[in-house]
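Asks: So the chains spell out like this:
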Amino acid sequence: MKPETLAQHLDESRDRLEPRWDDAREAHVQAGLPHRARLHRRRRVAAGVVAVVLVGVIASFAVPRASQVRVEPIADARFEVVEQSKTREAYRVERGAVWFDVKPGRAVRVDAEEVEVEVLGTRFLVERVDARVHIVVDHGVVRAKWKGQLSTVNGGEEAWFPPREKALKAVEPALPPPVEVAEPEVPALPEPVVAPTPAPKNPRLLKPRTAEMIPTVSAQTWKELAQAGEFERAWEEMQKAVPPRDEPAELLLAADVARLSRHPDQALAPLRRIIEQHRTDPRAPLAAFTLGRVLLDDLGRPREAAAAFERVRTLAPDMPLAEDAFARQIEALFRGQAPEARQLAEAFEKKYPTSARLRAVRHFGGLP
Amino acid sequence: MILAVPLRLADPPAPSADALYRQYARYVARLAFRLVGRDGDVDDLVQDVFLAATAAKVTSSNEHELKGWLSTVTVRLASKRLRRRRLARFFGFDDAPDERLLSPGASPETVTLVAQLYRRLDTLPTAERLAWTLRHVENEPLEEVARVCGCSLATAKRRIAAVQEALTETDHEA
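Chains as they are written, first to last, in the working numbering: chain A, 149 to 516; chain D, 419 to 592.
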């Protein structure tokens, strides 16, 4: 890329080049310090007795992350790290709702009130509501122990302790109850074509538990929260606001909010809207690329992802993004066990002989 | 902005380990992220930096000195991590890079370019990549880049120029 072009974009983006870092993550990283210190000591001993030939490769496997659990508190939830060892981790939810995303094979326990939750590779939510505990399982299986009784909660199910009647049932998306709204102040515009409202995943889980409903805020608030990187709150507010305008920038932002607040299925509609209705917009290729990533990485739908990545190449064949989209299309075809992956890999090799992605493309295409 | 100056020890009262972490964790996280370009690597790097601070028994209370010391250690540890990653990539074991490095609000062109930039940086020698990142992303003066990287000014200039040339070649190929 031209130095002046790069310099210009760096100047524009420098302040935005930041990790996703908040108080919860900061506390979580600090809590893992003692475990990492033990890991360093063990590593020093091992290095003295083991002859390593492929130092880099083996080291990258021998340095596991301090935690195999991604913890995402919602709003002002509070949790505590009780234990972090090589074999298991334990947490306590003290207030509010917290998502736990546990890598397969990792043993994790979460306590809340008198409820103990044991999992092995799953994604689930633990919420304290006054003296009761609410568990929702996104995927995998969770065992919960309460007053000596064991309950199993499967993916797509939820449970309350103490139980309500019919406590174990599939989670159904529920519409929030109507609230009095103030008309948001919007500038006079031509009548927009409104994108369909995405169905909320489970808005009950994401509302703060207060005695009164929080009144609807203006339509600008979810965008401001998204701009500030607070995607969970932005998602909550977006459910209460008018649907995003049918305008590429706003649709892209809405897709980001859905994606980054762990509602990837709700990102599909706004992205597709951009690609279908705004295909000449310069953001359409990026929307197609993002659609491909969501379908492949978040939703496990490789064949649809391959079609989305191919769309990038159709919309913008000469953009640098086309090379990346081509590589990911081949990866998606590989994951979908489509035979055309090999043929496309050969085409990629011819078109981009010095590409940084060539090794990966050869692997996905089954090329030597 | 990196302030790489020699750490003058024994300037009481020094911050406790907890206070040091609370005050500078975000600063270290941001620098680590910009150096390695992967959000997934930031937690480990931050932990390693503050464990090093504890082991070194950092006792200065001067913010200028503390930031300089922390940033130097961050660069050194980031260098190790990047070298390991390059070797893992050689054997096809590298994780997929982050596609979106910027917080929302940046233009799509900028988002795409910055992601491409970091993917290209991933393919370049670590020492050169770090020098270039410190100079052009962190906006450090050349003298500070040389000092933090532990090399001469001439070497720092050469490393930065090598990356700049590699990035320009990419543009010509595209």
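To be clear, the hints were calculated from the coordinates, so they are not data collected in a lab. We put the beta carbon where it would ideally sit given N, CA and C, even for glycine. Be careful, since some hints might not be right.
As the list claims (entries may be wrong) - Listed below are several chain A residues computed to face chain D (Cβ distance under 10 Å; list not exhaustive): (1) Leu154; (2) Arg162; (3) Val229; (4) Ser233; (5) Phe379; (6) Pro396; (7) Leu408; (8) Leu434; (9) Gln491; (10) Ala495; (11) Leu515.
Claimed, not checked - Label-pair ranges, simulated between beta-carbon atoms: (12) Glu497(A) - Ala435(D): 47 to 57 Å; (13) Pro559(D) - Glu494(A): 45 to 55 Å; (14) Asn480(D) - His511(A): 21 to 31 Å; (15) Thr541(D) - Asp466(A): 14 to 24 Å; (16) Leu560(D) - Ala185(A): 29 to 39 Å; (17) Pro430(A) - Asn480(D): 24 to 34 Å; (18) Arg440(D) - Val390(A): 19 to 29 Å.
Asks: Going through the numbered hints above, which ones does this structure break? Give me the numbers in ascending order.
Replies: 3, 4, 9, 10, 11, 14, 17, 18
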